[in-house]
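Below, each chain spelled out in residue letters.
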Amino acid sequence: MIKGDKIQSRDWLHFSKKYGTALFGLVVFVFFSVFANNFFTINNQLMLLRQMSMLTVVALGFTFVMAAGGFDMSLGNAAGLINITFGAILIATNNFMLSLIGALTVGVLLGLTNGLLVAIIGLPDFIATFAVGTITVGLKMLITKGNPMSFPQDVSKAALFVGQGKIGSIPFPVILMLILVVLVAFVLEKTRLGRRIYAIGGNKVASQYGGINVKKYRLYTFIFSGVFLAIASVMLTSRLGSAQPLAGEDFMLDTIAAVFLSTTMFGEGEPKAIGTFIGAFIICMLTNGLTMLNIEYYFQYITKGLVVILSVLTSVYLGGKLKKS
Amino acid sequence: MVNINQNVIEVKDIGKEFNGVWVLNNIDFDLKRGEIHALVGENGAGKSTFIKILSGVHCQSSGNIFINGKPIKFTCVEHSESSGIRTVHQEINLVPYFKVYENMFVGSELEKSVGGLKIIDSKEMKKCAVEVLNRLGVELDIDKTTSEINTAMKKIVEICKVLVYKPDIIIFDEPTTALGQEERKSLLNTITTLKEQGISIIYVSHNLEEIKEIADRVTVFRDGKKVALLEKEEITIDSIISNMLGEKTYNSYIREKSCAQEEEILRFEDVSTDLLKHVNFSVKKGEMLGIAGVVGAGKTEIAKAIFGLDKVKSGSIVVNGNKITPTPDNAIKNKIALVPEERQLQGIIPNFSVSKNVTLTYLEKWSNNGVLNSKSEYNSAVKYIDKLSIKTQGPEQMIKYLSGGNQQKVILSRWLVGDFEIGVFDEPTKGIDIKAKEDIYILMDELSQQGKSIIIMSSYLPELIYNCDRIIVLKDGEIVGEFTTNQDNLEEKICKVMLGGC
Numbered sequence: 001m002i003k004g005d006k007i008q009s010r011d012w013l014h015f016s017k018k019y020g021t022a023l024f025g026l027v028v029f030v031f032f033s034v035f036a037n038n039f040f041t042i043n044n045q046l047m048l049l050r051q052m053s054m055l056t057v058v059a060l061g062f063t064f065v066m067a068a069g070g071f072d073m074s075l076g077n078a079a080g081l082i083n084i085t086f087g088a089i090l091i092a093t094n095n096f097m098l099s100l101i102g103a104l105t106v107g108v109l110l111g112l113t114n115g116l117l118v119a120i121i122g123l124p125d126f127i128a129t130f131a132v133g134t135i136t137v138g139l140k141m142l143i144t145k146g147n148p149m150s151f152p153q154d155v156s157k158a159a160l161f162v163g164q165g166k167i168g169s170i171p172f173p174v175i176l177m178l179i180l181v182v183l184v185a186f187v188l189e190k191t192r193l194g195r196r197i198y199a200i201g202g203n204k205v206a207s208q209y210g211g212i213n214v215k216k217y218r219l220y221t222f223i224f225s226g227v228f229l230a231i232a233s234v235m236l237t238s239r240l241g242s243a244q245p246l247a248g249e250d251f252m253l254d255t256i257a258a259v260f261l262s263t264t265m266f267g268e269g270e271p272k273a274i275g276t277f278i279g280a281f282i283i284c285m286l287t288n289g290l291t292m293l294n295i296e297y298y299f300q301y302i303t304k305g306l307v308v309i310l311s312v313l314t315s316v317y318l319g320g321k322l323k324k325s
Numbered sequence: 001m002v003n004i005n006q007n008v009i010e011v012k013d014i015g016k017e018f019n020g021v022w023v024l025n026n027i028d029f030d031l032k033r034g035e036i037h038a039l040v041g042e043n044g045a046g047k048s049t050f051i052k053i054l055s056g057v058h059c060q061s062s063g064n065i066f067i068n069g070k071p072i073k074f075t076c077v078e079h080s081e082s083s084g085i086r087t088v089h090q091e092i093n094l095v096p097y098f099k100v101y102e103n104m105f106v107g108s109e110l111e112k113s114v115g116g117l118k119i120i121d122s123k124e125m126k127k128c129a130v131e132v133l134n135r136l137g138v139e140l141d142i143d144k145t146t147s148e149i150n151t152a153m154k155k156i157v158e159i160c161k162v163l164v165y166k167p168d169i170i171i172f173d174e175p176t177t178a179l180g181q182e183e184r185k186s187l188l189n190t191i192t193t194l195k196e197q198g199i200s201i202i203y204v205s206h207n208l209e210e211i212k213e214i215a216d217r218v219t220v221f222r223d224g225k226k227v228a229l230l231e232k233e234e235i236t237i238d239s240i241i242s243n244m245l246g247e248k249t250y251n252s253y254i255r256e257k258s259c260a261q262e263e264e265i266l267r268f269e270d271v272s273t274d275l276l277k278h279v280n281f282s283v284k285k286g287e288m289l290g291i292a293g294v295v296g297a298g299k300t301e302i303a304k305a306i307f308g309l310d311k312v313k314s315g316s317i318v319v320n321g322n323k324i325t326p327t328p329d330n331a332i333k334n335k336i337a338l339v340p341e342e343r344q345l346q347g348i349i350p351n352f353s354v355s356k357n358v359t360l361t362y363l364e365k366w367s368n369n370g371v372l373n374s375k376s377e378y379n380s381a382v383k384y385i386d387k388l389s390i391k392t393q394g395p396e397q398m399i400k401y402l403s404g405g406n407q408q409k410v411i412l413s414r415w416l417v418g419d420f421e422i423g424v425f426d427e428p429t430k431g432i433d434i435k436a437k438e439d440i441y442i443l444m445d446e447l448s449q450q451g452k453s454i455i456i457m458s459s460y461l462p463e464l465i466y467n468c469d470r471i472i473v474l475k476d477g478e479i480v481g482e483f484t485t486n487q488d489n490l491e492e493k494i495c496k497v498m499l500g501g502c
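Heads up: the protein sequence lines correspond to chains A and B, in order. Using our numbering, you'd call the opening residue of the first sequence number 1 and step up by one each time. Using our numbering, you'd call the opening residue of the second sequence number 1 and step up by one each time.
Everything labelled a hint here was simulated from the structure, so no lab data went into it. Just so we're clear, the structure is a prediction, and the values are computed from it rather than from any experiment. C-beta: ideal position from N, C-alpha, C; glycine also. It cannot be assumed that every hint is accurate.
[As the list claims (entries may be wrong)] Subject to a maximum C-alpha distance of 30 angstroms in a straight line, what follows is the list of computed DSS-like cross-link-like pairs (lysine-lysine): (1) B/Lys212 / B/Lys52; (2) B/Lys154 / A/Lys216; (3) B/Lys52 / A/Lys216; (4) B/Lys212 / A/Lys216; (5) A/Lys190 / B/Lys400; (6) A/Lys204 / B/Lys391; (7) B/Lys277 / B/Lys185; (8) A/Lys204 / B/Lys185; (9) B/Lys375 / A/Lys216; (10) A/Lys216 / B/Lys333; (11) A/Lys216 / B/Lys335; (12) B/Lys126 / A/Lys204; (13) A/Lys190 / B/Lys185.
[What the hints assert, rightly or not] Looking from chain A toward chain B, a few residues come up when the C-beta cut is under 10 angstroms (computed): (14) Gly122; (15) Thr191; (16) Leu193; (17) Arg195; (18) Gly202; (19) Gln208; (20) Tyr209; (21) Gly210; (22) Ile212; (23) Val214; (24) Glu270; (25) Asn294; (26) Tyr298.
Produce the complete structure using the sequences and hints provided.
Here it is as structure tokens:
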């Protein structure tokens with residue numbers, strides 16, 4: 001009997017370590033559904049999905065970087081530079097494709113710069129990407145003096161569709177997000193590229209001894225991060241209807257939170273695309289739910305921080321307990 | 001009055017259970033004051049668990065421990081430490097940019113009071129550090145930065161770190177791993193010195209010659225049980241081995257015949273790196289070449305040069321008659337395999353499954369246009385688990401939960417799947433048990449029979465002598481000797497050249 005109990009409690013530990021973070025999200029979800037009127041409605045859920053779509057896309061890019069054991073601190077600040085690149089080209093040409101290509105180019109350049117400094121030259125990722133992010137602040141302020149750029153009246157429909165359009169009753173950003181989640185999940189888990197990225201994150205030195213070109217793959221992760229940031233920035237700018245140099249700064253902290261939640265999500269310490277999606281959902285759900293409960297704005301930040309600490313703590317604590325038993 | 005024959009540790013009928021599985025059963029053990037009591041057994045025999053109970057990492061599930069005659073149950077490491085027990089771990093954990101004496105006092109820093117403020121007392125620490133080193137009879141500049149000293153000296157610093165607590169009992173866990181012949185000897189002397197100063201020592205090692213040399217008594221573990229207690233006069237390598245292996249018979253492995261062919265496959269032409277100086281040698285197809293030398297002599301650097309992990313400054317590496325640019329990519333393209341020395345650091349991806357660790361290097365084989373076929377990955381892993389008798393719950397188990405010997409077999413499989421031509425095996429049997437060692441020797445022999453060339457770097461000369469066709473000896477990055485292995489007194493001859501005595 002005693003033995004049986006023991007095994008059961010161990011299984012429970014395993015289960016909660018593996019799904020603890022997701023379960024935690026579910027509990028919060030149920031809580032809001034019960035206590036916040038209008039939270040659990042189709043309209044609100046669709047809105048929540050739309051709100052989280054940009055964060056999810058940025059976080060998906062960051063997931064590549066973290067999967068390879070790296071970090072990218074440039075995301076929040078660099079978003080604005082991409083916003084205004086997209087906006088400026090759109091205002092000048094009113095051509096969506098050109099503007100999109102411009103935005104993606106800046107994303108690639110950003111990733112190349114980060115990757116060159118971190119993966120190739122070997123600077124510490126935290127410092128180097130932070131510095132690159134700081135440079136982008138200077139650049140975007142230099143160009144705009146901090147002023148937003150409004151779209152022209154006759155702006156191309158495509159440029160608005162990315163952030164505001166719907167297919168049926170589903171917002172386009174939601175569809176785009178879901179496609180990208182599936183894509184990243186596929187790349188990370190089913191392809192050689194993904195396997196090698198995880199290997200590098202698991203043990204950089206052993207990967208090198210195993211013949212993996214560590215520099216090259218780490219460079220790729222930063223480029224992916226830049227490209228996904230560019231996609232999110234275009235979505236954001238399209239949503240706002242104007243290019244804001246300061247918009248997207250919240251991406252940084254929320255992205256870190258979402259991807260950290262992702263690394264603890266399935267108990268293995270590797271961030272996965274689906275984990276990042278759930279992580280981003282938890283973060284945005286808190287904002288959404290707390291707003292519905294009429295909790296004041298600044299208090300939402302406190303709650304968000306606490307939730308991240310709590311969920312990571314739970315996972316680490318359970319992991320430690322599992323080791324000992 | 002201290003009784004010289006008093007048991008400082010007495011363990012009665014200890015058992016340990018993990019999740020319903022008894023990994024230790026009915027262990028009796030005692031340690032006398034000022035003796036070296038060795039623990040031996042294959043990996044998984046229960047030595048580590050036993051040590052962890054004594055050092056407070058685990059708590060026994062049954063039985064009693066007496067320290068100096070008093071019953072005690074350790075609930076945490078601090079508890080064991082306060083009873084005067086300290087462990088010198090296998091791994092070296094020093095802060096590289098701290099000075100030698102600073103490392104000795106990490107966690108036990110000495111302080112002095114200046115105007116009511118407690119500050120670090122470097123002067124006193126230096127004084128104590130010198131005293132401790134004198135006690136060991138070791139000369140070492142305590143003001144050197146730790147990254148500047150060699151592995152053997154780092155080990156000494158680890159011992160000093162423990163000695164500053166003035167322990168009665170020290171547990172040594174595989175202290176000579178990664179040390180060359182000479183350093184090994186001097187470390188054993190150091191440990192004997194400690195014993196003569198009245199410290200009681202529990203000594204865990206796979207190296208039976210070492211144990212024969214310094215142990216006063218030997219306890220042999222097998223399958224979680226204590227199977228023998230050998231007194232000083234009973235300690236012979238054969239007696240230990242027969243107890244360790246039980247029913248199984250053991251003949252120390254000697255490879256039968258050479259399979260070297262005429263055709264040359266690899267050549268170093270005047271290769272220099274940061275450490276290597278104008279190294280020239282060649283390997284023939286099917287040949288097994290041993291590379292001997294003390295730690296730091298440049299054995300690993302040869303492997304690193306081939307893989308481009310150290311920059312080749314001059315000279316060239318020629319494979320099959322073509323000069324290659326050494327990078328990991330090129331080495332693999334030229335069918336060269338590298339089993340690195342530091343399994344944990346350079347070999348395994350700890351959080352990856354056995355299967356993913358097997359397929360890591362030649363991932364192309366399991367993918368189509370970059371998309372992986374996990375089913376066939378799984379099948380290949382099953383095949384090699386079977387072929388090399390890797391002990392694991394299955395291909396999906398994470399490699400970090402396997403024993404050292406089994407991890408090493410997984411790393412070998414990683415290369416075997418790729419059908420390499422030249423295998424560079426750096427300390428392939430480091431820290432693994434006799435059975436796994438023999439499996440690896442037999443595997444290497446099979447490979448050479450298939451016409452593959454193998455380069456083995458080892459600090460343990462008999463390993464090279466019994467396996468290789470030819471041995472080259474390195475000292476300070478230079479080749480100082482070359483021997484065929486069909487001669488008498490070879491170990492002695494190589495030692496002389498290696499240590500540079502005459």
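Q: Starting from A/Lys190, check that the Cα of B/Lys400 is at most 30 angstroms away, please.
A: With Cα atoms ~22 angstroms apart, A/Lys190 and B/Lys400 stay inside 30 angstroms; holds.
Q) Can A/Tyr209 be said to touch chain B, with a Cβ gap under 10 angstroms? A) holds (5 angstroms)
Q.
Please check whether A/Asn294 passes as an interface residue: C-beta within 10 angstroms of a C-beta belonging to chain B.
A. For A/Asn294, the interface hint is violated, since the closest Cβ of chain B sits about 44 angstroms away, which is over 10 angstroms.
Q) Hey, A/Lys216 versus B/Lys335, does the alpha-carbon distance stay inside 30 angstroms? A) Roughly 21 angstroms separates the two Cα atoms, so the pair holds.
Q) Taking 10 angstroms as the limit, does the beta-carbon of A/Gly210 come near enough to a beta-carbon in chain B? A) holds (5 angstroms)
Q. Are A/Tyr298 and chain B close enough, Cβ to Cβ, to be under 10 angstroms, as the hint says?
A. Violated. Min distance 39 angstroms.
Q) If you take the shortest Cβ to Cβ gap from A/Glu270 to chain B, is it below 10 angstroms? A) It holds, given that the least Cβ distance between A/Glu270 and chain B is near 7 angstroms, below 10 angstroms.
Q) Keeping to a limit of 30 angstroms between CA atoms, is the pair of B/Lys212 and B/Lys52 held or broken? A) holds (24 angstroms)
Q) Minimum Cβ distance from A/Leu193 to chain B below 10 angstroms? A) It holds, given that the least Cβ distance between A/Leu193 and chain B is near 6 angstroms, below 10 angstroms.
Q.
Hint validation: A/Gly202 versus chain B, beta carbon distance must be below 10 angstroms. Holds or violated?
A. holds (4 angstroms)
Q) Are B/Lys375 and A/Lys216 close enough, with their CA atoms no more than 30 angstroms apart? A) Answer holds: B/Lys375 to A/Lys216 is near 28 angstroms, not above 30 angstroms.
Q) Does the alpha-carbon distance linking B/Lys212 and A/Lys216 stay inside the 30 angstroms limit? A) Cα-Cα ~51 angstroms, so violated.
Of the hints listed earlier, those the structure fails to meet are numbers 2, 3, 4, 8, 12, 13, 14, 25 and 26, in rising order.
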